[in-house]
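Colleague: Could you build all of it, start to finish, from the sequences and the hints given here?
Heads up: the sequence lines are chains D and W, in that order. Using the numbering used here, read the first sequence as starting at 1408 and increasing by one per residue. Using the numbering used here, read the second sequence as starting at 1408 and increasing by one per residue.
No wet-lab data here; the hints were simulated from the structure. Incorrect hints may appear among the rest.
One copy or any two copies: either way a pair holds, since identical chains are not told apart in the list.
Think about it this way: if two alpha-carbon atoms lie no more than 27 Å apart in a straight line, the pair counts; the simulated DSS-like pairs of lysine-lysine are [what the hints assert, rightly or not]:
id	residue 1	residue 2
1	K1452	K1731
2	K1731	K1550
3	K1655	K1514
4	K1848	K1859
5	K1757	K1731
6	K1410	K1786
7	K1859	K1840
8	K1757	K1550
9	K1463	K1452
10	K1514	K1486
11	K1514	K1496
12	K1550	K1486
13	K1822	K1786
14	K1731	K1794
15	K1794	K1757
16	K1779	K1757
17	K1840	K1514
Small disclaimer: the values here were computed from a predicted structure and weren't measured.
2 protein chains.
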Amino acid sequence: MAKNALPVTRAENFATWYQEVVRAADMAEHSGVRGCMVIKPWGYKIWERIQRLLDKRIQETGHDNCYFPLFIPLSLIQKEASHVEGFAKEMAVVTHHRLVMEDGQLKPAAPLEEPLVVRPTSETMIGEAFARWIESYRDLPMKLNQWANVVRWEMRPRLFLRTSEFLWQEGHTAHATADDALDETRTMLEVYREVAEDMMRIPLIPGQKSAGERFPGAVETHTIEAMMQDGRALQAGTSHYLGQNFAKAANIAFQDENGQQQLVHTTSWGVSTRLVGGLIMTHGDDDGLRLPPIIAPHQVVILPIIRDESARGPVMEACHALAKRLAAQHYAGEPVRAFVDARDDSAANKRWGWIKKGVPLICEIGPRDLEKGALALYKRTLPANEKSFPEQEVFVSHVAHHLEETDTALFEQAKAYRAEQTRDDVPDFDALKAHFDGEHKTGFVRAKWSGKPETEDAFGAFGVTIRCIPYEQTGTTGPCIVTGEEAATDVILAKAY
Amino acid sequence: MAKNALPVTRAENFATWYQEVVRAADMAEHSGVRGCMVIKPWGYKIWERIQRLLDKRIQETGHDNCYFPLFIPLSLIQKEASHVEGFAKEMAVVTHHRLVMEDGQLKPAAPLEEPLVVRPTSETMIGEAFARWIESYRDLPMKLNQWANVVRWEMRPRLFLRTSEFLWQEGHTAHATADDALDETRTMLEVYREVAEDMMRIPLIPGQKSAGERFPGAVETHTIEAMMQDGRALQAGTSHYLGQNFAKAANIAFQDENGQQQLVHTTSWGVSTRLVGGLIMTHGDDDGLRLPPIIAPHQVVILPIIRDESARGPVMEACHALAKRLAAQHYAGEPVRAFVDARDDSAANKRWGWIKKGVPLICEIGPRDLEKGALALYKRTLPANEKSFPEQEVFVSHVAHHLEETDTALFEQAKAYRAEQTRDDVPDFDALKAHFDGEHKTGFVRAKWSGKPETEDAFGAFGVTIRCIPYEQTGTTGPCIVTGEEAATDVILAKAY
Chain D
1408 MAKNALPVTR AENFATWYQE VVRAADMAEH SGVRGCMVIK PWGYKIWERI
1458 QRLLDKRIQE TGHDNCYFPL FIPLSLIQKE ASHVEGFAKE MAVVTHHRLV
1508 MEDGQLKPAA PLEEPLVVRP TSETMIGEAF ARWIESYRDL PMKLNQWANV
1558 VRWEMRPRLF LRTSEFLWQE GHTAHATADD ALDETRTMLE VYREVAEDMM
1608 RIPLIPGQKS AGERFPGAVE THTIEAMMQD GRALQAGTSH YLGQNFAKAA
1658 NIAFQDENGQ QQLVHTTSWG VSTRLVGGLI MTHGDDDGLR LPPIIAPHQV
1708 VILPIIRDES ARGPVMEACH ALAKRLAAQH YAGEPVRAFV DARDDSAANK
1758 RWGWIKKGVP LICEIGPRDL EKGALALYKR TLPANEKSFP EQEVFVSHVA
1808 HHLEETDTAL FEQAKAYRAE QTRDDVPDFD ALKAHFDGEH KTGFVRAKWS
1858 GKPETEDAFG AFGVTIRCIP YEQTGTTGPC IVTGEEAATD VILAKAY
Chain W
1408 MAKNALPVTR AENFATWYQE VVRAADMAEH SGVRGCMVIK PWGYKIWERI
1458 QRLLDKRIQE TGHDNCYFPL FIPLSLIQKE ASHVEGFAKE MAVVTHHRLV
1508 MEDGQLKPAA PLEEPLVVRP TSETMIGEAF ARWIESYRDL PMKLNQWANV
1558 VRWEMRPRLF LRTSEFLWQE GHTAHATADD ALDETRTMLE VYREVAEDMM
1608 RIPLIPGQKS AGERFPGAVE THTIEAMMQD GRALQAGTSH YLGQNFAKAA
1658 NIAFQDENGQ QQLVHTTSWG VSTRLVGGLI MTHGDDDGLR LPPIIAPHQV
1708 VILPIIRDES ARGPVMEACH ALAKRLAAQH YAGEPVRAFV DARDDSAANK
1758 RWGWIKKGVP LICEIGPRDL EKGALALYKR TLPANEKSFP EQEVFVSHVA
1808 HHLEETDTAL FEQAKAYRAE QTRDDVPDFD ALKAHFDGEH KTGFVRAKWS
1858 GKPETEDAFG AFGVTIRCIP YEQTGTTGPC IVTGEEAATD VILAKAY
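Modeller: Pasting the structure below:
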């Protein structure tokens, strides 16, 4: 067995492995500001792919992009009590709008009349706008989305997963009826599921949050829950039905068809750069990142092998010709993204670089391949040194098939891992505690739960939460995992990021 | 002459007219936070068009997108003295990272060890990263770009033109030599010129800033200067050669090919949502916004005329069929963007709505048009009630021509206005003062200038600045407009936004 490309394996230390993948793939790093990351080009290109796929679906489902201010006045935040409670501990506060130099040191000057909070999310700002914009039922539904940065002060930051500043989209909608708003909430969760599962190939459990895990101010929170390769859960996206809570706080009222004043029903939903962390922890292996083809910025990287300068011209020409022919092929409705890496370095160094970055297919073309019209093909889902030698023409005509193969392999592997790490035979609370207590006891447990809110805290003692009440219920009954009483509801229990 | 769609004309009050265009086109509004705007869907779609066109060119010229933190530690800002001086007065400062409720009021708690500035621009943050990332000449050039929000506290805000928070892109590059960095500076100014002039159809004067108008910390600032319809200048984009100033401050060094340590040469360049303001003030008329076709989110809006419910089916079908045929046509390399407005409102109301939003072409199709295969066509560059009745087939095959016509007309009108408002026959400083002194004395004056820095302040007395030293010089000599001494350099003088 060849040595792996990373200095640490998943089995040895998952947290360190994660950092090493991010570093080796050159995706991001910590900045000098606590909890704030620098997203480097490869990490950002992956985020841009996610953005593009998601934005298309957000538009197709009838939402308009817009942009609301970064700052929220304290008095506005204060209007929705449970919302304040949820975010107060992690809000960055702007108190001054000028600096002066005093004794060679810059100091804040010119205090603001009212301190401003850097948005942790924009329900309050957008709610205030809805209150101004919505007058009659004709204005409904109002369906907006914004791509933005938000700040939630983070004491234990991890790149992509938990950062004080992160990038996301937040959708905000207002509806005439609860039914419409609930439809919207579910529609957007399905959009998230489609992008994260069908495109990013992260197996998901969609479901609803229990009361203790809901978004501050929400009536219902819907979620997609994924399992990382250390058996922990990652909440990959959430969609909230806010009922009339924010409508009451901001007085978002409309005149209905009968001339009566009513409050709207609102929703909000968001996914963030955290998805990139989920991608890494779902598909990465001990050689680095592995990218599903729909997400990969480059699907095929072509490396010229030039040992002798006289061969440079024809080899480079063959590489660019191949890239061009590949770009005329399609995968998942888009032209194949092929990239010729002409940097001045050895092919082996470059190949290992792209392996660590997770590119699905790597081709090498050298002088001897020219005569035969062949190439050396490496697939990211096979061991790193395994290669085949297809004819170029055959490779071009089969490229969509090769990408499909990668796509399927990544998804199947992730599903198999999740299946291994999921138990539905934990009989009672003591057995549950025994399962999860201890550092390496992770995975999903599917169990029955009575749904009594006061029982939710019980899991906290061993760091477990109810990840969701899955949409897909078995329909059977059995003893509640906490109280032992007869219960019909399945829940997913896990330790989570 | 028909009444105009806006309550005020450009001639009556340009500043109020501007606000009315933004309001009537539903582009943006002030938020509850001083100086921060809400960009509404129509305004944001226009910004997205600008983003897409610009981002394509930024990538094609070899730059990678990435993302740096929103917050900058005070100690980092402090490193480059002239940079600090330029921005200290307008920096928003985060001093706390928590809120607590005291006597029913939210109060900032948990002071930060070091206050953080909300980025006014990212030279210092990116310079610090460059210093870590760049080791040898092989790492150069390093060419990055980010799309982000920035904050410069603004006491007299105007939508899009001057807001405390704005959206922009900022490019940051590091090079081995001054020549490479200067090439980059000019290349990116040309990219800006291309998007702003060839696509947004804003006539521009590209040139260099005089010392007094340079970016804080820059050795050279290059600019594109536009003239608004009140005769004032708008700086539409800038590209800075920063020399080794930021390299010195952040110690961005590299080992050259001879093994010697050297400092890099850096550049930075940016355009912002201010461009949207420039678009409005260049092309708007007394009926509202007028959009050049390349920028228009919808190039053709199709309005069904339904007076009788029985006609709804066939009319809607004809409208959607027309939209589909238009989408198969191309303008400027992209499919024509046609939109069927099926909202439940009168065609006249809807038509006026789209006129105010600046859509280039509006088509109406009613029951009588169906038999004839015709439509009613309104062009935004013609008087609002003027219409023609082309056959649908003819309109479809000519649509690119109609769009081209709008494109050219807007550019020619803007150039003609600028020519009218430009003088190159102002003989001396007294004449210059007489020209500009007084509320309505605006426009561009092209004059000779000795280039002596101490003479720059002279114009301040009547609110004029040197907008730029145009690349296109006449090559003649004449008396300096300030000192009267023989001078060879042409400058553009104007009052500016």
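Colleague: All the hints need checking, so say for each whether the structure fits it.
Modeller: Consistency of the hints with the structure:
Proximity of K1452 to K1731 under the C-alpha cut-off of 27 Å is restricted to the intra-copy arrangement: shortest distance 21 Å within a copy versus 32 Å between copies. In the homo-oligomer, the alpha carbons of K1731 and K1550 lie at most 27 Å apart only across protomers (25 Å), although the nearest pairing inside one protomer, at 41 Å, exceeds that limit. Taking identical chains as interchangeable, the C-alpha atoms of K1655 and K1514 lie at most 27 Å apart only when they sit on different chains, with a minimum of 23 Å there against 41 Å within one chain. For the homomeric pair K1848 and K1859, the shortest alpha-carbon distance inside one copy (26 Å) is at most 27 Å, but the shortest distance between copies (75 Å) is not.
With identical chains, the CA atoms of K1757 and K1731 are at most 27 Å apart within one copy only, with a shortest distance of 21 Å there and 46 Å across copies. Proximity of K1410 and K1786 under a CA criterion of 27 Å is satisfied intra-copy only: 17 Å inside one chain copy versus 68 Å between copies. Proximity of K1859 and K1840 under a CA criterion of 27 Å is satisfied intra-copy only: 19 Å inside one chain copy versus 80 Å between copies. Taking the shortest alpha-carbon separations for K1757 and K1550, only the inter-copy value of 20 Å comes in at or below 27 Å, while the best intra-copy value is 46 Å.
Proximity of K1463 and K1452 under a CA criterion of 27 Å is satisfied in both settings, with 17 Å inside one chain copy and 14 Å between copies. Taking CA atoms no more than 27 Å apart as the test, K1514 paired with K1486 passes between copies only; the shortest distance there is 14 Å, against 32 Å inside one copy. Both within a single protomer and between protomers do K1514 and K1496 lie at most 27 Å apart by alpha-carbon distance, with minima of 25 Å and 11 Å respectively. For a Cα distance limit of 27 Å, the shortest separation of K1550 from K1486 inside one copy, 22 Å, qualifies, whereas the shortest one across copies, 45 Å, does not.
When the C-alpha separation of K1822 and K1786 is checked against a cutoff of 27 Å, the pair qualifies only within one copy, where the shortest distance is 20 Å, while the shortest distance between copies is 57 Å. In this assembly of identical chains, K1731 and K1794 lie within 27 Å of each other by CA distance solely inside one copy; the values are 22 Å within and 47 Å between copies. For the identical chains of this complex, K1794 and K1757 are intra-copy neighbours only, at 16 Å inside a copy versus 62 Å across copies, given an alpha-carbon limit of 27 Å. Within a single copy, K1779 and K1757 get their C-alpha atoms as close as 23 Å, which meets the 27 Å cut-off; across copies the closest is 64 Å, which misses it.
Taking the shortest alpha-carbon separations for K1840 and K1514, neither the intra-copy value of 52 Å nor the inter-copy value of 40 Å comes in at or below 27 Å.
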